[in-house]
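Trainee: Here's the letter readout for the chains.
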Amino acid sequence: MKRTFSKKMWRETGAGYLLMSPTLFVLLLFIIGPIVFAIFLAFHKVQLLGTTTFEFVGLDNFQRIAHDTRAKIAFWNTLKYVVIVVPCQTILALVLAATLNAGLKGQKFFRIVYFLPTLTSSAVLTLIFMWMYNENGLINHVLKVLGLPTYNWIGDPDVALNAIMIMNIWSTAPYFMVIYLAALQDIPDSLYEAAELDGANALQKFWYVTVPYLRPVTSFVIIVGLIGTFQLFDQSYIFSAGSGGPNNSTLTVVLLIYQYAFKTLGTMGYAAALAVVLAIIILIATLLQRKFSKEESLY
Amino acid sequence: MKKKIGIGKALLYVFLVAYAIITLIPFLWALSSSFKTLEEIVSGTISFIPKHFTLDNYKQIFIEQKMFPRWLFNSVIIAVTVTILNLLFNSMAGYALARLQFPGKKPLFIIILAVLMIPAQVTMIPNYLILKQLGWLNSYQGMIVPTMINATFIFMMRQFFINFPKELEEAAALDGLSRLGIFFRIVLPLARPALAAQAIFVFMGSWNDFMRPLIILSDPQLFTLPLGLNSFKGQYISYWNYIMAASMVFTLPVLVIYVFFNRYFIKGISFTGGK
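As given, the protein sequences belong to chains Y and G, one line each in that order. Numbering follows UniProt numbering, in which position 134 of the first sequence is assigned residue number 134; successive positions increment by one, without gaps. Numbering follows UniProt numbering, in which position 103 of the second sequence is assigned residue number 103; successive positions increment by one, without gaps.
The set of hints was computed from the structure by calculation and includes no laboratory data. Hints are supplied without guarantee of correctness; some may be wrong.
Reference listing, derived: stretches of chain G covered by chain Y, where coverage requires no fewer than 3 residues with Cβ under 8 Å from a Cβ of chain Y [as the list claims (entries may be wrong)]:
no.: 1; region: 9-15
no.: 2; region: 56-67
no.: 3; region: 71-78
no.: 4; region: 156-167
no.: 5; region: 177-189
no.: 6; region: 215-222
no.: 7; region: 228-240
Nothing here was measured: the structure is a model prediction, and the numbers come from that model. Heads up, the beta-carbon is just placed ideally off N, CA and C, and yes, glycines get one too.
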């Protein structure tokens, strides 16, 4: 009896590891291995010429971040981007979802249309917006017609990052909108009926029933939003042809990591240190958000 | 009272239509520009209907620019292979984590969950060095192998298999099928809805990826579309008519997939986005 059991157990284990084997292979070689390797690189100076060599430099790479003006600019730009884009896209997503959930005709059509930007690749969207942001382009034309000031969207260091923000809020909000839509459908009607009996109007129902009920989803949306915005790269890269210009105004942390890792010689270790710092910042932001939203749900 | 509701509804409709216009304009503008002559493009007149409708821009990118079809081909090969491998491998892992008992299962699951949180930038530089060591830079396998599993979808498939009715598997086991036989012959074919949502997202992720090809591929022969499009922009910097035509060709396959699989899209997102 005992023998057959252990034979069966062995068979389960064999099947289990066989089914897991592709995952284990990629996990070890391309995810966990690289994480350890990245930490190793952050403490070394890497030379790629000929055979790759590593020279231990201790905390030098991390100290260098503090003295690097471009790193300061990149962190500042990224922070500004996160702080503005995450709330805007979350609120827009919630408003769009609530409107689509109001029981109007043609919802399905609007949902399909709204979702388009999220599907389209960042490379294509960035090119389309660069074309519209042209000095004589569509956006300036519309602004002129409306009597508003026009901008040199791509060339002016004061507005280039804003141009990317506008584009990204527009293209990411629909993704979160769909998440909100799914959650909205789970709210029990009885909650609204109770609020109605208490004499709540539509806006009050939204504020006192919908918003609190959606708190866990909002927490998820904000965390995913934080992780995504901290990693801004494609748009800045294409916008500025890889430079982060004009005048470093679209330089993000990830673009800087890319430049140090692959475009300048001998700074790959420094780039790895920047990547480690970025990962720690994302982790802290995520944990803070979690803690904050938990405290909030207490009352 | 009734009239008040009517006004509220009307306002909602106005908002819905206005936002639909805001969403559609960039696409319509790009589409219209792709049919315009360069003359009209540089003249700076604003019209959504081309004065001289022309297909020359599309001819230019497909016939004169010989690399473009090649980039399209590379993108298709890579995205399709990555999708098929992901469907297979993520389901295998998801099933093992949901149904099989083996030592090390729990820590493995926790590791896969933790990996979800690691930003790609951390693994990007080491990945480059590892691929270089393997001689896989500038190759299809360098693009495919590191992305052939996805922690998010392993997690999603695990959830799916946990809720899968056990009776079917037990019946198959009584008929003498092994664990692997049960998985490949009974369970996997019945997982089609979950696989459909996953297929769409993996395909789109691979099709639209910009950073990975930028780092791994330097030979223009091997470029994927996003990379090709970027180099195309550098080459034809003021030929916005060509660039918009290329952008439209790039977007079309995704649109077709979207229209056909719309319901899976929404399902897939609420699935991964739940709690």
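Trainee: Does each hint hold? Answer for all of them.
Mentor: Hint-by-hint comparison with the structure:
1. 9-15: holds (count 4)
2. 56-67: This one is violated; 0 residues, fewer than the three required, reach chain Y with a Cβ under 8 Å.
3. 71-78: violated (count 0)
4. 156-167: Three-residue rule not met by the region 156-167 of chain G, so violated; n is 0.
5. 177-189: Contact hint for the region 177-189 of chain G vs chain Y: holds, 4 residues under 8 Å.
6. 215-222: That given contact is violated, which follows from only 1 residues of the region 215-222 of chain G lying within Cβ reach (below 8 Å) of chain Y.
7. 228-240: It holds: at least three residues are needed, and the region 228-240 of chain G offers 5 whose Cβ sits within less than 8 Å of chain Y.
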